[in-house]
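2 protein chains.
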Amino acid sequence: MSVRRSGRRPGDPPTRAVILAAARVAFSVGGYDHATIRGIAARAGVDPALVLHYFGSKEQLFEAALDLPLRPAELVAEALTTDRDRVGEFAVRRFLTVWEDPQNKPIMMAMLRSVVSNEYAADLVRRLLAKMVLEPLATQLGLPDADLRASLLGTQFIGLALARYVARVEPIASADVERLVAAVGPTVQRYLSGDIGGGLPSG
Amino acid sequence: MSVRRSGRRPGDPPTRAVILAAARVAFSVGGYDHATIRGIAARAGVDPALVLHYFGSKEQLFEAALDLPLRPAELVAEALTTDRDRVGEFAVRRFLTVWEDPQNKPIMMAMLRSVVSNEYAADLVRRLLAKMVLEPLATQLGLPDADLRASLLGTQFIGLALARYVARVEPIASADVERLVAAVGPTVQRYLSGDIGGGLPSG
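Chains as they are written, first to last, in numbering that gives the first Met the number 0: chain A, 0 to 202; chain B, 0 to 202.
Simulated from the structure, these hints should not be mistaken for laboratory data.
Glycine residues also receive a C-beta, built at the ideal position from the N, C-alpha and C atoms.
Check the hints yourself; a few may be wrong.
Here's a subset of chain B near chain A, in silico, CB distances under 10 Å, partners left out [what the hints assert, rightly or not]:
#1 Leu74
#2 Phe156
#3 Val168
#4 Pro170
#5 Ile171
#6 Ala182
#7 Arg189
#8 Ile195
#9 Gly196
Here chain A stands alone, though its shape is the one from the complex (with noise of 0.2 Å):
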């Protein structure tokens, strides 16, 4: 009885889809540090040339894996559409959602990790975030300071991760979303389009 190498026939199942899947699976176990493409390969059966020409790179592959989870055109066109008063609420109710959801938590768990272990993946985490959901977010509703704004988010939104899933701080890792909601979405709002100094009428 022969066994065919690759383990696969091209296109079956998406062999796209399977790498991304043992990727996801690598960067949430070693974070991006650990993770290596030829380990990637080795647990998608294929070979790791063939990693490298679907994603080029491993920052690439990176990249792609945390697509999934955060879907950001999606999220900022949701949060164009939401009452301008409310997309602090929004975005705090839409972040925990996507953690909750046991297919992203690895992922995030993973992208998490990493910004905290390595500064490269740190600050691709941060670029990423900025051009796919904060400056598009930010120019769309004209606001200044829209580089200090973004990361004042960031900090928020990492912390607020940290206690719930990683540290398991609690009343916040049992409390409703809800509860979150209404008590983190003000600091939101305000990072995003209220006054943080720096010149703005203050109040």
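Given the coordinates of chain A, assemble chain B onto it according to the supplied hints.
Just chain B now, with coordinates in the frame of chain A:
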């Protein structure tokens, strides 16, 4: 030529201080997980039994190592003499000032890395902060939901430290302390004494 095994005379330099300094280095290099009583003793040039004699356990040693930068009793006393509407700004300014001090930065970094990588250390830091800083403050200010307020404060402070000192996200990494005090102070103020939902009057 004989070499004394212990390498130090009792109290010269003060052994407790030498062990603490060694512990701060060990925790900051490897985080809570990787630091060992044996390794810290070796670094301090003392017997592991002496470390246990002074501090009792790795947990208690970690707690003692954190005490220097936090100075919790002092912090709470100062906060309580501050104008109540400016406690948020005071807390952000004080937090950043502690971090910027080169003497404190290694152990603050150790605390942050331990919180992120180790659930046990995360819980320990949370309990220490709650017991030493947040609960006394909340009790003195007579606030409801003190535990939720304390952990919301934690999310913002941890996210801010990660962005500025670990991930070095711009423009937060290079911003003046007072720019961040103005931007983040109101968030801390609201978590500490404002409306965080959950039945309080809104607004």
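Structure-based check of all given hints:
no. : hint   : verdict
1   : Leu74  : violated (19 Å)
2   : Phe156 : holds (7 Å)
3   : Val168 : holds (5 Å)
4   : Pro170 : holds (5 Å)
5   : Ile171 : holds (5 Å)
6   : Ala182 : holds (4 Å)
7   : Arg189 : holds (7 Å)
8   : Ile195 : holds (4 Å)
9   : Gly196 : holds (3 Å)
When each numbered hint is compared with the structure, a violation occurs for hint 1 only.
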